[in-house]
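Construct all of the structure, not just a fragment, from the sequences and the given hints.
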Amino acid sequence: MDTLPSPGAGTAGQTSPASTARRRNFPFAAIVGQDEMKLALLLASVDPAIGGVLVMGDRGTGKSTAVRALAALLPEMRAVQGCRYNCDPSAGPICADGSAHGHDGHVTATNIPVPIIDLPLGATEDRVVGALDLERALSQGVRAFEPGLLARAHRGFLYIDEVNLLEDHLVDLLLDVAASGENVVERDGLSLRHPAKFVLVGSANPEEGELRPQLLDRFGLAVEVTTPKVLAQRIEVIRRRDRFDRDPQGFLADWEGEDAALRARILRGRKAVGRLDVPDEILERAASLCLELGTDGLRGELTLIRAARALAALDGDDAVGIEHLRRVASPVLRHRLRRNPLDDSGSSVRVERAVAELLPA
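Following our numbering, the numbering of the sequence shown begins with 1 at its first residue and continues without gaps.
Simulated from the structure, these hints should not be mistaken for laboratory data.
We treat Cβ as the ideally placed atom computed from N, Cα and C, and that holds for glycine.
Check the hints yourself; a few may be wrong.
[To be verified] Derived Cβ-Cβ restraints for the label pairs, each shown as a range:
no. : residue 1 : residue 2 : range
1   : 208       : 126       : 20 to 28 Å
2   : 247       : 294       : 33 to 41 Å
3   : 81        : 176       : 25 to 33 Å
4   : 246       : 190       : 48 to 56 Å
Structure, rendered in structure tokens:
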């Protein structure tokens with residue numbers, strides 16, 4: 001789940017029906033507080049190689065609202081018109097399933113919204129991975145593949161609400177696809193594989209159960225959201241939501257400028273992130289921080305560097321610095337720590353202590 005396309009330029013004055021429909025989502029820029037969650041989603045939009053976002057927190061704190069707001073915020077992407085796998089037209093006339101696009105292999109490109117696909121907890125494996133197209137099999141006698149949710153999420157985002165309640169066999173399936181970037185289907189006489197590269201976004205209420213460690217480790221960033229404790233902030237949340245519910249078009253118009261500015265930052269960040277080098281000093285600080293915290297493997301260091309570089313690109317900075325590491329350390333590392341029986345403080349506190357010691361302001 002490490003590639004998201006660069007968006008193509010849209011045609012002036014034209015919008016797709018899907019894009020128009022998704023404008024009714026609450027504006028991303030209008031979300032009050034929850035800065036760490038919003039930043040994590042923006043970083044994953046700039047560099048999907050970071051590895052996805054896990055949002056942990058209380059019910060009713062805007063987790064699902066933020067993910068759906070992201071759908072309307074993201075710039076559109078170029079795709080082959082009518083392709084069920086969202087194929088990139090620059091990849092040529094061959095579809096992801098091995099067939100040719102159209103009857104003569106001619107590729108017609110169009111702009112489409114970046115897919116953000118919901119994976120329901122009760123989804124069957126057939127719906128997730130795809131299965132035999134029974135309608136065509138019965139009516140035409142043709143053995144054809146009906147793509148599933150993983151195909152629809154290719155080059156986009158796959159969102160799982162209450163991911164900690166996902167059934168084990170679907171967790172295993174997602175781990176395989178996330179590691180390989182491919183969905184392999186061997187069933188009903190079908191033998192097929194297609195790319196399935198997406199940013200995995202999950203939300204969870206820790207009170208309802210923990211995630212399996214294997215899946216937890218696959219999320220690049222883990223953020224914590226809480227119910228606002230400041231009276232003025234709570235009032236502002238209520239005021240904005242009430243106004244949106246009563247006059248969605250007016251509210252969206254008021255915030256279109258803010259969302260457009262965020263969209264422009266994402267575009268600039270995507271263009272800049274590949275050009276930013278990470279100095280050896282930053283690599284050393286990142287490795288020292290992970291060593292101090294005792295994280296397993298090297299995924300922590302790699303994600304820390306990618307997230308810091310994406311943050312520098314998003315902010316328009318020319319180089320990755322210590323401050324970028326400081327700002328991304330908690331979401332990158334809090335879910336990678338082993339439990340310490342001699343330290344009853346939370347993982348976030350442990351990360352903050354190590355950052356204060358090794359990455360002083």
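Hints, verified against the model:
1. 208 / 126: 20 to 28 Å: holds (26 Å)
2. 247 / 294: 33 to 41 Å: The hinted range 33 to 41 Å is violated for residue 247 and residue 294, with Cβ atoms some 52 Å apart.
3. 81 / 176: 25 to 33 Å: About 30 Å separates the Cβ atoms of residue 81 and residue 176, which means 25 to 33 Å holds.
4. 246 / 190: 48 to 56 Å: Since residue 246 and residue 190 have Cβ atoms about 50 Å apart, the given range 48 to 56 Å holds.
Consistency with the previously given hints fails for number 2 only.
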